[in-house]
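Asker: One-letter residues, chain by chain:
Number of protein chains: 2
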Amino acid sequence: MSSPEIDALSQALSRLPGLGPRSARRAVLHLLKRREIALKPLIAALQAVEENLATCDICGNVDTANPCGVCTDPRRDAKLLCVVEEVADLWAMDRARLFPGRFHVLGGRLSALEGVGPGDLSIAPLMARVNAGGIEEVVLAMNATMEGATTMHYLAERLADCGVSVTQLAHGVPVGGELDYLDEGTIAQALRARRPVA
Amino acid sequence: MSSPEIDALSQALSRLPGLGPRSARRAVLHLLKRREIALKPLIAALQAVEENLATCDICGNVDTANPCGVCTDPRRDAKLLCVVEEVADLWAMDRARLFPGRFHVLGGRLSALEGVGPGDLSIAPLMARVNAGGIEEVVLAMNATMEGATTMHYLAERLADCGVSVTQLAHGVPVGGELDYLDEGTIAQALRARRPVA
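Just so you know, the sequences run in chain order A and B.
So in the working numbering, spot 141 of the first sequence is number 587, and the numbers just go up one at a time.
So in the working numbering, spot 155 of the second sequence is number 601, and the numbers just go up one at a time.
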């Protein structure tokens, strides 16, 4: 090995999340041995995305179209808006295909430690979308972290007078979760939100 | 998400060894958010390899040059030849940079079950290299599997009359290995090959 091109490819791949130097080398070898069925298709797929890459002006999603496929999907309920921290969260919410509305990506979370204030997030565009009318419910789907909760409370306050109902995701025992492995915070929340057995 | 280009890229990446559908999506997102510093360099690295990809006519290594960088390296000892099953094994041996000689890739191992006979492996070219003279020792570095051992014994027999010394890798406790986690076969081999404490 040790050809400079192969080393460079190994390094480029090893910077992807989930791939270390060792698995990157394995991936390179996989590609080298499958020029037609793996290497060329991967190059083509990357180029197709690179050429069309765009950030949605409406919601902040990353897509190959602007506005993105979610914002332009006519089957989605325009009255429902789900606010998330990052594009990854939007994809995670959308993967389950359970949320029938549209999204808004903040681009982060409020963080005193990292010096992230309201002006650094896509909050003004969010307020503009809500104030433009047509939205009835805003679901605040921040991560269940301290900073996520801070961001959620800040947004709930800003949205209080907009005439929309503001909701948050339920906390509780994750599906498949075992009590023995859960932290006390989650158990406390699940207990507080307990409901009659149907 | 759900743009066809992004889905295609996700699928192409998820076919790499070590990346499942979930980590492929994370990798895609990583690339999309870093168009200039990750996506474009990865495309360039893949293209550079794709354009120059070659299988070495001498040893069977995959490289961007033919003959490959290992075969043309003047610092390597031409009298020493290490025979391996796959290109991955060559890279693994070469990673440690402890073997100062050259290599020969068989392209597999003898396997009655999979119907792989001597004619399916790069054995004739190996014999030709050895018979051409100049090689003094052939190290048979097959994997320590049943099929690797079969292949090794077959090659040792073929090489017996060539006037070269034929050696194999030592078996034993791997460095950092704990006896409690080793199989009996390895412990038996390590015990059989025990030597005085220096």
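These are computed hints drawn from the structure, not numbers from a lab.
Check before you lean on any hint, since a few could be wrong.
Chain copies aren't distinguished; within one or between two, either way the pair holds.
[Said to hold, decoys possible] Below are the DMTMM-like pairs computed for lysine to aspartate or glutamate, each with C-alpha atoms no more than 20 Å apart in a straight line:
| # | residue 1 | residue 2 |
| --- | --- | --- |
| 1 | K479 | E497 |
| 2 | K486 | E497 |
| 3 | K479 | E451 |
| 4 | K486 | E451 |
| 5 | K479 | E532 |
| 6 | K525 | D503 |
| 7 | K525 | E582 |
Asker: Give me the numbers of the hints this structure contradicts, sorted from smallest to largest.
Answerer: Structure breaks no hint.
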